[in-house]
Structure formats: C-alpha cells, structure tokens
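Chemist: Chains as they are written, first to last, in our numbering: chain A, 1 to 327; chain B, 1 to 327.
Check each hint, because a few of them may be wrong.
To be verified - Partial list, derived from the structure: chain A residues whose beta carbon lies under 8 Å from chain B:
1. V49
2. I98
3. P99
4. F102
5. V129
6. L138
7. Q266
8. K271
9. Q279
10. F280
11. Y296
12. N297
13. I300
14. G312
15. A316
As the list claims (entries may be wrong) - Here are the simulated lysine to aspartate or glutamate pairs, EDC-like style, with alpha carbons at most 16 Å apart:
16. A:K140 - B:E320
17. B:K103 - A:E321
18. A:K103 - B:D308
19. A:K103 - B:D57
20. B:K210 - B:E232
21. B:K271 - A:E321
22. B:K149 - B:D25
23. B:K103 - A:E320
What the hints assert, rightly or not - Computed far set for chain A versus chain B, every beta-carbon distance over 12 Å:
24. R3
25. L166
26. V175
27. P176
28. K195
29. T219
30. V284
31. A287
32. D308
33. P311
No lab work stands behind these hints: they were computed from the structure. We put the CB at the ideal spot given by N, CA and C, even for glycine.
There are 2 protein chains.
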Amino acid sequence: MIRIGIVGYGNLARGAECAISQNADMELVAVFTRRDPQSVKIATADVPVLSFADVNDWQDKIDVMLLCGGSATDLPEMTPEFVKKFNVIDSFDNHANIPVHFKNVDDAAKEADHIALISSGWDPGLFSVNRLYATAILPKGENYTFWGKGVSQGHSDAVRRIPGVLDCRQYTIPVPEAMERVRSGENPALTTREKHTRYCYVVAADGADKEEIRNAIVTMPNYFADYDTTVEFISAERMAAEHAGLPHGGSVIRSGVTGWNEENKQTIEYKLTLDSNPQFTASVLVACARAVYRMYNRGIRGCQTIFDIAPGDLSASSREEIIAHML
Amino acid sequence: MIRIGIVGYGNLARGAECAISQNADMELVAVFTRRDPQSVKIATADVPVLSFADVNDWQDKIDVMLLCGGSATDLPEMTPEFVKKFNVIDSFDNHANIPVHFKNVDDAAKEADHIALISSGWDPGLFSVNRLYATAILPKGENYTFWGKGVSQGHSDAVRRIPGVLDCRQYTIPVPEAMERVRSGENPALTTREKHTRYCYVVAADGADKEEIRNAIVTMPNYFADYDTTVEFISAERMAAEHAGLPHGGSVIRSGVTGWNEENKQTIEYKLTLDSNPQFTASVLVACARAVYRMYNRGIRGCQTIFDIAPGDLSASSREEIIAHML
Numbered sequence: 001m002i003r004i005g006i007v008g009y010g011n012l013a014r015g016a017e018c019a020i021s022q023n024a025d026m027e028l029v030a031v032f033t034r035r036d037p038q039s040v041k042i043a044t045a046d047v048p049v050l051s052f053a054d055v056n057d058w059q060d061k062i063d064v065m066l067l068c069g070g071s072a073t074d075l076p077e078m079t080p081e082f083v084k085k086f087n088v089i090d091s092f093d094n095h096a097n098i099p100v101h102f103k104n105v106d107d108a109a110k111e112a113d114h115i116a117l118i119s120s121g122w123d124p125g126l127f128s129v130n131r132l133y134a135t136a137i138l139p140k141g142e143n144y145t146f147w148g149k150g151v152s153q154g155h156s157d158a159v160r161r162i163p164g165v166l167d168c169r170q171y172t173i174p175v176p177e178a179m180e181r182v183r184s185g186e187n188p189a190l191t192t193r194e195k196h197t198r199y200c201y202v203v204a205a206d207g208a209d210k211e212e213i214r215n216a217i218v219t220m221p222n223y224f225a226d227y228d229t230t231v232e233f234i235s236a237e238r239m240a241a242e243h244a245g246l247p248h249g250g251s252v253i254r255s256g257v258t259g260w261n262e263e264n265k266q267t268i269e270y271k272l273t274l275d276s277n278p279q280f281t282a283s284v285l286v287a288c289a290r291a292v293y294r295m296y297n298r299g300i301r302g303c304q305t306i307f308d309i310a311p312g313d314l315s316a317s318s319r320e321e322i323i324a325h326m327l
Numbered sequence: 001m002i003r004i005g006i007v008g009y010g011n012l013a014r015g016a017e018c019a020i021s022q023n024a025d026m027e028l029v030a031v032f033t034r035r036d037p038q039s040v041k042i043a044t045a046d047v048p049v050l051s052f053a054d055v056n057d058w059q060d061k062i063d064v065m066l067l068c069g070g071s072a073t074d075l076p077e078m079t080p081e082f083v084k085k086f087n088v089i090d091s092f093d094n095h096a097n098i099p100v101h102f103k104n105v106d107d108a109a110k111e112a113d114h115i116a117l118i119s120s121g122w123d124p125g126l127f128s129v130n131r132l133y134a135t136a137i138l139p140k141g142e143n144y145t146f147w148g149k150g151v152s153q154g155h156s157d158a159v160r161r162i163p164g165v166l167d168c169r170q171y172t173i174p175v176p177e178a179m180e181r182v183r184s185g186e187n188p189a190l191t192t193r194e195k196h197t198r199y200c201y202v203v204a205a206d207g208a209d210k211e212e213i214r215n216a217i218v219t220m221p222n223y224f225a226d227y228d229t230t231v232e233f234i235s236a237e238r239m240a241a242e243h244a245g246l247p248h249g250g251s252v253i254r255s256g257v258t259g260w261n262e263e264n265k266q267t268i269e270y271k272l273t274l275d276s277n278p279q280f281t282a283s284v285l286v287a288c289a290r291a292v293y294r295m296y297n298r299g300i301r302g303c304q305t306i307f308d309i310a311p312g313d314l315s316a317s318s319r320e321e322i323i324a325h326m327l
C-alpha cells in the first residue's frame with residue numbers, strides 16, 4: 001500500500017481524499033490542517049486530522065504528501081518546506097512563476113534527498129503533456145488552448161471583491177467559431193477576445209447600483225477588460241440552486257502539417273469535459289502519487305514535472321498487463 | 001545530430017524520410033531495401049539506398065533504425081533480427097500478438113545490448129498512452145476507441161483479393177450517435193455493429209457480377225460480416241481522382257466518475273484528424289527516435305514501449321525550455 005498524506009482540507013484535498021478511495025493500492029493515513037484539527041471533520045473513518053506542528057512525527061509513515069494549498073501564497077512557501085521532510089506533490093498553476101518555483105523546490109528536495117512533483121493537475125499537467133507530445137510529433141504547426149465552459153474561481157473571487165457584490169460565479173466560455181477555425185486547420189491568429197467570452201452571474205446587495213457593478217466588472221484590467229463579458233444579476237436562491245458545482249474543461253489542439261510541400265493537415269485534439277474541476281485535478285495528483293512513489297524507490301530525487309513521468313508509472317496495473325491489454 | 005536509418009521504402013518509410021527533414025536535430029543517413037537498390041529513388045539528396053546485405057557496414061554510423069515493414073510477416077522476423085545490430089523502432093500493430101513480439105524482441109535486444117521500441121505510431125501508440133493516462137486518472141470508468149473516418153488498408157486489401165475486383169478503398173466510419181452517447185457519459189454497451197460502419201468504393205472488372213462481389217464483401221467473416229457495409233461501384237478514374245489519399249483518425253474516449261456517490265461525470269477525449277495516416281504514423285516514430293537515442297545513452301536496454309518513454313524525452317527542446325514554455 002502506498003501511504004498518502006494530505007495537507008489542507010479545501011475542495012482539492014476533499015477531491016484527493018475521495019480519489020484515494022478509488023485506488024486499491026493506496027491508503028490515506030493523515031490529513032494536516034492549519035485550522036484547529038478538532039474543527040475539521042473528514043469523510044474517511046479512522047484517519048486522524050492533525051496540526052502542522054505534528055508533521056515531524058509522520059516522516060516514516062507517509063510515502064507521498066499531497067500539498068493541497070493555493071498557488072498564490074501557500075505553495076511557494078509550503079512545497080520547499082514540506083519537501084525537507086516528505087516526498088511531495090503540488091498543483092502550482094501560476095505558469096509564469098513555474099521556473100522559479102521549480103528551482104526553489106529542486107534545491108530543497110536534493111538537499112533533503114527527496115522527490116517533488118510540481119504543477120500537476122490538468123493545466124498545468126495533462127494539457128502540458130499534450131502540448132508536448134503534439135509539438136514533438138508535429139514540429140510544424142501551432143498549439144491552441146481553449147478553456148471552458150467552466151467556472152474560473154480566480155475570476156469569481158475578483159468580482160466578489162467589488163463593493164455591493166455578495167456572490168459571483170464566473171464562467172469562461174470558448175468561442176465556438178474560433179474552435180472550428182482551429183479544428184479546420186486554418187491556423188488563425190486569434191486575439192484574447194476572439195478565443196473566449198466571460199459570463200458572470202452576480203448576487204448584488206440590496207440597493208446596490210447594478211450599473212456601477214457591471215461597469216466595474218467589464219472594465220477590470222487583466223481579468224475582464226480584454227474580453228466580451230456578460231453580467232447577469234440573479235438571486236442568492238438561484239445561485240445556490242443552479243451554480244453550486246465547479247464544472248470546467250477545455251481543449252488543447254495542435255494543428256500541424258506534414259509532407260514535402262506541407263500539403264497534409266494533421267490535427268490532434270485533447271479535450272476534457274469535467275463535472276467537478278477539483279475532483280478531477282485531485283484524481284491527477286493521486287495517479288501521480290503512484291509514479292512519484294515508484295520513481296523515489298528507483299532512486300530519483302529532486303524536482304520533477306509530468307514531463308519526467310513515464311506513463312506506465314501512473315498505472316495500477318503491471319507492465320505485462322498494460323502491454324497485453326492497453327497497448 | 002541523431003543519425004537515422006530507414007529499412008524499407010513504402011508509404012511509412014517515405015513519411016519517415018519527410019518527418020526527419022522537419023526535425024533539425026536528426027539526419028537520415030541511409031535507406032535499406034530488399035529490392036534492387038538501383039531501382040529505388042528516394043526524395044533526399046546524397047543519401048545512399050543500400051541492400052540488406054550492406055547493413056553490417058553501418059553499425060557504427062546509425063543511432064536508431066526505423067523498421068518500416070508490415071506487421072503481418074515483416075516485423076515479427078525483422079525486429080528481433082535488426083536489434084542484434086542496431087537500436088530499432090517498429091510500428092507492430094497486431095494487438096493480440098504484441099506480448100509474443102515483445103518477448104522475442106526483448107530477448108534479442110538484451111543479448112545484443114541494444115534498445116528497441118515496438119508498437120509505436122497512433123494505435124498502438126498515442127491511443128494506447130491516452131487509454132493508460134485516462135484509466136490511471138479515472139479508475140472508475142470505461143474506455144471507448146472509435147476509428148475513422150479513414151481508409152483501412154487491411155480491409156481495402158481484403159476486398160481487392162475478391163475475383164472481379166480491380167481496386168478498392170475501404171473507409172471505416174464511426175457511428176455519430178454512438179460517439180454522442182459515449183461523450184454524454186452514458187457508458188453504453190456497444191456492439192461492433194453499433195460503433196462503426198464500413199463503406200467500400202470498388203472498381204470492378206468489365207463484365208464482373210457486381211451483386212456477387214457485393215455479397216462476397218458484406219458476408220466476409222472478421223472483416224465485414226459484423227458491420228453494416230455499403231458497397232459503391234465507381235470508375236478507375238473516379239478512384240484515382242477522389243480516393244488517392246490515405247486519411248484516417250479517430251478518438252479515444254474515457255467516460256469516468258468521481259465523488260463519494262460517483263455523482264460527477266468526467267470525460268477525457270483524445271482525437272486525431274489526419275490527412276495522411278502514413279505520414280502521421282511516421283512522425284510519431286521519428287519523435288520516438290529522439291527518446292530512444294536519449295534512453296540508450298542513459299543505459300536503458302531491452303524492449304520498450306511508449307508507456308516507458310517520459311514525455312520530455314520526445315521533445316527537441318531542453319528541459320528548462322519545456323518547463324518554462326509548455327508546462
């Protein structure tokens with residue numbers, strides 16, 4: 001059995017707890033929280049909830065620790081710190097800062113003789129690995145990534161910070177015409193506005209100026225100003241009834257050409273349609289825990305990414321079984 | 001530069017020759033043929049075409065040999081034989097016989113201290129690796145593979161062997177309703193007939209009995225009897241004008257569930273749309289040659305599959321570049 005620990009107990013951690021239960025070769029052995037452990041009730045029976053102060057006692061009892069913190073402030077500190085004591089996996093998703101995070105984690109992991117896998121999940125993660133496969137196979141071509149339809153938690157949070165907004169759910173929606181142009185092999189140059197639209201369901205406080213809120217949203221730099229954004233005000237009841245889930249998904253498409261005159265179009269598309277973004281992301285982390293465990297046992301140390309994982313190491317089945325039944 | 005040799009000079013080999021030209025870190029150094037080398041004219045200037053008898057002279061001059069023979073009779077003999085002298089890659093695609101082929105190649109490769117990659121391409125190959133990723137991530141679910149729309153060369157050949165048939169192009173076509181049921185997360189049990197239809201364009205000899213040909217096709221065991229097959233007779237001119245290409249493609253779909261009550265549907269789809277099946281398959285082999293070269297230099301020996309290749313080894317870019325720009 002691969003012994004898994006979880007740090008944090010938000011949506012991602014709860015998804016990981018459930019994903020571990022779907023894998024017969026793994027067991028959850030402990031959850032660590034910054035909150036009062038007494039206040040955190042987890043779904044698995046007989047697994048302790050502990051405080052960060054207790055982690056030292058668990059170094060020999062956990063094979064891989066899943067770090068389920070946020071990328072903005074938690075993981076840049078947490079991953080280099082925890083890798084001093086454990087093999088770790090995180091889902092650091094701030095693309096621009098990945099090289100710095102990699103270096104910090106790599107130094108700490110090598111110093112401690114551990115292995116760390118950073119930026120696991122679906123983007124970064126499965127989408128990254130599909131960009132890489134497709135680019136290696138079709139060197140002449142273009143990559144396109146479309147996200148959605150799905151809830152962006154960062155954008156929803158940004159709207160919630162506007163005065164007069166009680167709640168928001170922001171959906172990122174790919175533009176169907178743009179996707180069709182890409183799939184046709186046209187290799188279009190697409191602006192930000194041409195690729196995605198944004199749709200905000202907003203619960204406003206009584207008496208709030210809705211036009212002012214709408215204007216604050218659609219002109220918000222970085223988040224909305226470069227997009228066509230629709231704002232719809234709804235009741236708190238409707239928000240609870242219709243927008244409780246966290247669906248997401250998207251497509252990575254590479255449109256390439258082969259042939260001496262580049263006469264043949266070749267298109268590779270990888271598409272995710274997810275009812276629950278955090279549960280799916282957690283499922284990727286949990287499959288990666290198996291690979292990290294095996295790589296550690298083969299003597300691999302330092303910071304790794306999904307690019308370093310041979311796919312066979314993710315599978316619960318033996319090498320003979322996957323050759324006979326999946327190849 | 002990675003020095004590549006090619007064995008054979010059919011459609012796949014010609015695709016590989018062209019794919020090598022798209023990769024700046026590789027060069028084609030020789031083509032080996034069973035035919036009279038004088039009779040084979042290749043597209044690349046200043047690269048020799050040699051007979052099988054000459055291979056011994058090239059052991060120190062070729063890093064990876066691409067074996068572009070057929071799976072029925074060529075590769076079962078060719079791969080274990082060539083791996084005695086070279087690192088090799090083949091596209092062995094007879095799924096049921098892969099374990100036996102693996103064993104034969106593995107024994108010969110280890111004996112000769114070489115590395116072999118078998119069953120590369122897209123199915124087996126990219127489709128296999130997507131079945132594996134998706135199954136590891138979503139342990140609760142079903143895999144579905146749809147092929148086409150595209151030309152099946154095996155089925156076209158089978159029809160050509162019927163008396164009175166001068167030429168045939170057989171298209172395998174996935175049933176759209178079946179694909180939609182799978183994509184919706186319904187997890188249907190689908191019969192062979194429900195998943196694909198077959199469409200044959202046939203050029204008949206003058207005076208041939210077309211009804212007899214049609215009947216011979218649609219009742220042919222293994223190839224057509226389990227499918228709804230349409231036969232259309234066309235002229236040799238129309239065949240040449242409209243069916244000269246070898247398009248293909250298909251989708252691997254895993255439809256899984258997560259959540260304590262399996263309440264969330266999660267769908268992963270990997271889809272290929274290919275103008276030229278042999279050029280695309282060859283492009284996969286050529287990218288894999290880079291990985292095989294690197295794995296050999298790290299001391300890896302014996303028979304490998306795409307499950308053993310860490311994705312980063314396929315990329316022409318450095319580890320730092322792919323972490324910064326693709327993750």
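Chemist: With reference to the structure, classify each hint as holding or not holding.
Modeler: Hints, verified against the model:
1. The closest approach between the C-beta of A:V49 and any C-beta of chain B is roughly 18 Å, which is over the 8 Å cut-off, so the hint fails.
2. Hint on A:I98 holds. Least Cβ distance to chain B is approximately 6 Å, under the 8 Å limit.
3. Interface restraint check: A:P99 against chain B, minimum CB-CB distance 5 Å, threshold 8 Å, status holds.
4. Satisfaction of the interface hint for A:F102 is found here, the shortest Cβ-Cβ separation to chain B being roughly 6 Å, below the 8 Å cut-off.
5. Satisfaction of the interface hint for A:V129 is found here, the shortest Cβ-Cβ separation to chain B being roughly 5 Å, below the 8 Å cut-off.
6. Hint status for A:L138: holds, given a least beta-carbon distance of 6 Å to chain B, under 8 Å.
7. Hint status for A:Q266 relative to chain B: holds, with the closest Cβ pair at about 5 Å, below 8 Å.
8. Because the beta carbon of A:K271 sits about 4 Å from the nearest beta carbon in chain B, less than 8 Å, this interface hint is met.
9. With a cut of 8 Å, the hint placing A:Q279 at the interface with chain B holds, because the nearest CB-to-CB distance is about 4 Å.
10. Proximity of A:F280 to chain B holds as hinted, the smallest CB-CB distance being about 5 Å (cut-off 8 Å).
11. Proximity of A:Y296 to chain B is violated relative to the hint, the smallest CB-CB distance being about 15 Å (cut-off 8 Å).
12. For A:N297, the interface hint is violated, since its Cβ never comes within 8 Å of a Cβ in chain B; the closest pair sits about 16 Å apart.
13. Look at A:I300: its Cβ only gets to about 10 Å from chain B, farther than 8 Å, so that hint breaks.
14. The criterion of a C-beta within 8 Å of any C-beta in chain B is met by A:G312, whose closest approach is roughly 4 Å, and the hint holds.
15. Residue-level restraint check for A:A316 holds (minimum Cβ-Cβ distance to chain B is 7 Å; threshold 8 Å).
16. Only pairs whose Cα atoms come within 16 Å are accepted, and A:K140 paired with B:E320 is rejected, the gap being roughly 21 Å.
17. Distance check on the hinted pair: B:K103 and A:E321 sit about 14 Å apart at the alpha-carbon level, within 16 Å; holds.
18. Taking the CA atoms of A:K103 and B:D308, the gap is about 26 Å. The hint is violated against a cut of 16 Å.
19. With a C-alpha separation of about 46 Å, the suggested pairing of A:K103 with B:D57 is violated against the 16 Å cut-off.
20. Distance hint between B:K210 and B:E232 is fulfilled; the C-alpha atoms sit about 10 Å from each other, no more than 16 Å.
21. The hinted pair formed by B:K271 and A:E321 fails the criterion: a straight-line CA distance of about 25 Å is larger than 16 Å.
22. Between B:K149 and B:D25 the CA atoms are separated by roughly 34 Å; this puts the pair beyond 16 Å, and the hint is violated.
23. Taking the CA atoms of B:K103 and A:E320, the gap is about 10 Å. The hint holds against a cut of 16 Å.
24. With 12 Å as the threshold on Cβ separation, the claim that A:R3 sits away from chain B holds: the shortest Cβ distance comes to roughly 18 Å.
25. At roughly 27 Å, the least C-beta separation between A:L166 and chain B is larger than 12 Å, which holds for a residue marked as non-interface.
26. With a closest Cβ-Cβ approach of about 19 Å to chain B, A:V175 is found to remain outside the 12 Å limit, as its non-interface label requires.
27. At roughly 16 Å from the closest C-beta of chain B, the C-beta of A:P176 stays outside 12 Å, upholding its exclusion from the interface.
28. Look at A:K195: its CB is around 18 Å from the nearest CB on chain B, clear of 12 Å, so calling it non-interface holds up.
29. Every CB of chain B is more than 12 Å from the CB of A:T219 (nearest about 31 Å), matching its label as outside the interface.
30. The non-interface label for A:V284 is inconsistent with chain B: the shortest C-beta to C-beta separation is roughly 5 Å, within 12 Å.
31. Distance check for A:A287 against chain B: the nearest CB is about 4 Å away, which does not clear 12 Å, and the non-interface claim fails.
32. With a least beta-carbon separation of about 5 Å from chain B, A:D308 fails to lie farther than 12 Å from that chain, contradicting its non-interface assignment.
33. A Cβ of chain B approaches the Cβ of A:P311 within 12 Å, the least distance being about 5 Å, so the stated non-interface status is violated.
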